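Visitor: Chains W and B supply the protein sequences, listed in that same order. Quick note: the first sequence uses our numbering, first residue 45, plus one each step. Quick note: the second sequence uses our numbering, first residue 575, plus one each step.
Source of the hints: derived by calculation from the structure; they are not laboratory data. Small disclaimer: the values here were computed from a predicted structure and weren't measured. C-beta atoms are modelled at their ideal positions from N, C-alpha and C, and glycine is treated no differently. Among the hints, a few may not be true.
[To be verified] Here are the computed lysine to aspartate or glutamate pairs in the EDC-like style, where the Cα-Cα straight-line distance is at most 16 Å:
#  : chain 1 : residue 1 : chain 2 : residue 2
1  : B       : K629      : W       : E58
2  : B       : K629      : W       : D56
3  : W       : K334      : W       : E83
4  : B       : K629      : W       : D165
5  : W       : K333      : W       : D167
6  : B       : K627      : W       : E101
7  : W       : K333      : W       : D252
8  : B       : K629      : W       : D167
9  : B       : K627      : W       : E58
10 : B       : K627      : W       : E64
11 : W       : K334      : W       : D165
12 : W       : K374      : W       : D167
[Stated by the list, open to error] Sample of chain W residues with no beta-carbon within 12 Å of chain B, all distances over it, derived:
#  : residue
13 : L63
14 : N106
15 : R126
16 : Q201
17 : A257
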Amino acid sequence: MNWRFLHRAQADAEQQRELESYIEITAEEYVAQGMGADEARRAARRKLGNLTRIREEVYEMNTATFAERTLQQLRPSIRMLRLNPAFSLTAVLTLALGIGATTAIFSVVNGVVIKPLPYPDSDAVVTVTHSAVFGNVRGRDFPFSPQMLAVYSANNQTFQEMGLWTLRQAAVNGLAVPESAVALQVTQGTLPALGVQPAMGRWFSRADDQPGAPETIILTNAYWERRFGGDPGVIGRVITLDSSPRQVIGIMPATFTLASATIDLLLPLRINLAQPPSDWNYRALARLKKGVTVAQANADVARMLPVYLERYAGHRMDALHLQPAARPFKEDVVGNVGQVLWVLLGGISILLLIACANVAK
Amino acid sequence: MGAAHGQTIAHAIERGSEDVLQVEHGSLYPALHRLQNRGWIVPFRGASENNRKAKYYRLTPEGRKQLAARKSRWEQVVRAITRIMSPAPEENK
C-alpha cells in the first residue's frame with residue numbers, strides 16, 4: 045500500500061520549505077557576489093521558476109501514483125476472478141451471505157437494544173413493581189392498585205412523576221359503524237412520566253379527575269388518521285365510548301407507543317380511594333428524578349411498602365412477602381431478548397470472519 | 575557522489591554542463607521527488623555551508639546501481655547517435 049497519498053498535504057508543506065531554502069541559500073550567494081539583499085532574493089526566485097507549478101507537479105505525482113498502484117495491485121485479483129468463475133461465485137456468495145446476515149441481525153439489535161425507547165431521556169423511565177411469593181415461587185410482577193399508587197406518589201423521594209396504566213377493550217359506538225378499540229387507561233402521572241406530549245391538545249389534568257367533570261379521551265395518531273382522516277377539528281368533539289360521551293382533548297404523536305401495544309385510544313383512570321383496596325389490575329411506571337438510580341428507587345420503595353401495608357392491608361398480604369423490584373422500563377419492552385440478540389450478533393460476526401478468512405485463502 | 579541539497583545539485587548541473595543546460599532550477603525538485611519515490615535517493619535533514627537548515631539527498635545502493643546502469647545505457651545511445659550523425663566513410667560510398 046502506498047501511504048504517500050495520505051500525506052500529500054504534509055509532503056506539500058515540506059516541498060514548500062525546501063523551495064524556500066533554495067531561495068535563501070541562492071540569495072545569500074548572490075549577496076556574497078555583491079548584490080543587494082532584495083535584488084538577490086528576486087534573482088534567486090527567478091532562477092527557481094514558478095513555485096506553484098513545481099508544488100502542483102509534486103502533489104499530482106503523489107496523487108497519481110496512489111491510483112495507479114492500487115489499480116496495479118487489483119489487476120491480478122481481477123484476472124484471477126475471471127479465470128476461475130467457480131471460485132469467484134463461491135467467494136461472492138459466502139461474503140454476500142456473511143455480510144447480509146450480519147447486517148440483518150445488526151438492524152434488529154439496533155432497533156431493539158441500542159435505540160432508546162421513544163421517550164425523552166428514556167433511561168429514567170422505570171417500571172415500579174414488586175416481586176411476590178406464590179406457593180413456593182417468587183414471581184417478579186405483582187400488580188399495582190390505586191391505593192398503592194396513592195401512598196407511593198405521596199411519599200416517594202425518587203420519582204419525578206408516577207402513574208398507573210392498563211389496556212382494555214372499549215366499544216366506540218357513536219360513529220357510523222360501531223367498532224372495538226384498544227384503550228390505554230392512564231392516571232394523570234403516566235403520560236408526564238413517559239414525557240410524551242400530545243401532538244395536539246393537552247394531557248389529562250387534575251380537573252378531569254374531579255367528580256362531575258366531563259369525561260375525556262385522547263386519540264392516538266393512527267386511530268385519528270384512520271377514523272377521522274387526520275381532521276384537526278376533532279379536538280373538542282364528543283365521541284361515544286361504551287355508550288357514554290367523551291370529549292376529545294388531544295391527539296398523541298405518531299411515535300407514541302407503550303410496551304409494543306397497538307393502542308387506539310387513551311382514557312383517564314380516575315382514582316377513587318373509597319373503593320375496596322383489592323383492585324390489582326394495573327401496572328405502574330415512573331420517571332426517576334435526575335441522577336437517581338434504579339437501586340435508589342428500590343430502596344425508596346422498600347421504605348414506603350410498610351406504609352402501604354399498614355394503612356391498607358394489615359397482615360392479609362404477609363404471605364406474599366412483597367419486595368421492591370423496580371427496573372428500567374426498557375427491560376419490559378426488550379426483556380431477555382437483548383442478551384440473546386447480542387449473542388446472535390456475536391455468532392453471526394464470527395461467521396462473517398470465517399467467510400472472510402476462507403475467501404482470503 | 576556525496577550528499578547534497580537541491581540548490582547545490584541545481585548549480586552543479588548548470589556549472590558542470592558549462593552553462594549549456596540553463597533550466598529553471600525549480601524543475602529539478604519534481605525530478606528529485608520522483609527519484610525519492612522510486613527509492614533511488616533518500617532525504618535527510620542537514621545544515622548548509624552557511625548553517626541554514628536544508629533537505630539533503632543521498633544515493634541509495636539501489637540508486638547507485640541504477641545510476642551505473644543508466645549511465646552505460648546513455649553512453650551506448652550517445653555512441654550510436656554519434657555514429658549515425660558522422661557515418662563511417664567506407665559504408666557511405
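Visitor: Compare the structure with each hint and give your call.
Guide: Status of each hint after checking the structure:
Proposed proximity of K629 of chain B and E58 of chain W is supported: the alpha carbons are some 9 Å apart, at most 16 Å. Annotation: proposed proximity of K629 of chain B to D56 of chain W holds, straight-line Cα distance about 14 Å (limit 16 Å). For the hint linking K334 of chain W to E83 of chain W, the alpha-carbon distance of about 72 Å lies beyond 16 Å, and the restraint is violated. Note on K629 of chain B and D165 of chain W: the hinted pairing is violated, with a Cα-Cα distance of about 58 Å set against a maximum of 16 Å.
A hinted pair counts as satisfied when its Cα atoms are at most 16 Å apart, and K333 of chain W with D167 of chain W qualifies at roughly 11 Å. Between the alpha carbons of K627 of chain B and E101 of chain W the distance comes to roughly 24 Å, so the proposed pair goes past 16 Å and is violated. About 26 Å separates the Cα atoms of K333 of chain W and D252 of chain W, which puts this hinted pair outside 16 Å; it is violated. With a C-alpha separation of about 59 Å, the suggested pairing of K629 of chain B with D167 of chain W is violated against the 16 Å cut-off.
Between K627 of chain B and E58 of chain W the alpha-carbon distance is near 12 Å, which keeps this suggested pair within the 16 Å criterion. Taking the CA atoms of K627 of chain B and E64 of chain W, the gap is about 11 Å. The hint holds against a cut of 16 Å. Taking the CA atoms of K334 of chain W and D165 of chain W, the gap is about 10 Å. The hint holds against a cut of 16 Å. Distance check on the hinted pair: K374 of chain W and D167 of chain W sit about 8 Å apart at the alpha-carbon level, within 16 Å; holds.
With a cut of 12 Å on Cβ distances, L63 of chain W falls inside the contact zone with chain B, its closest approach being about 7 Å. The Cβ of N106 of chain W does not lie farther than 12 Å from every Cβ of chain B; its closest approach is about 8 Å, which violates its non-interface assignment. Distance check for R126 of chain W against chain B: the nearest CB is about 31 Å away, which clears 12 Å, and the non-interface claim stands. Distance check for Q201 of chain W against chain B: the nearest CB is about 68 Å away, which clears 12 Å, and the non-interface claim stands.
Its beta-carbon lying about 84 Å from the closest one in chain B, A257 of chain W satisfies the requirement of being farther than 12 Å from that chain.
Of the numbered hints listed earlier, those contradicted by the structure are 3, 4, 6, 7, 8, 13, 14.
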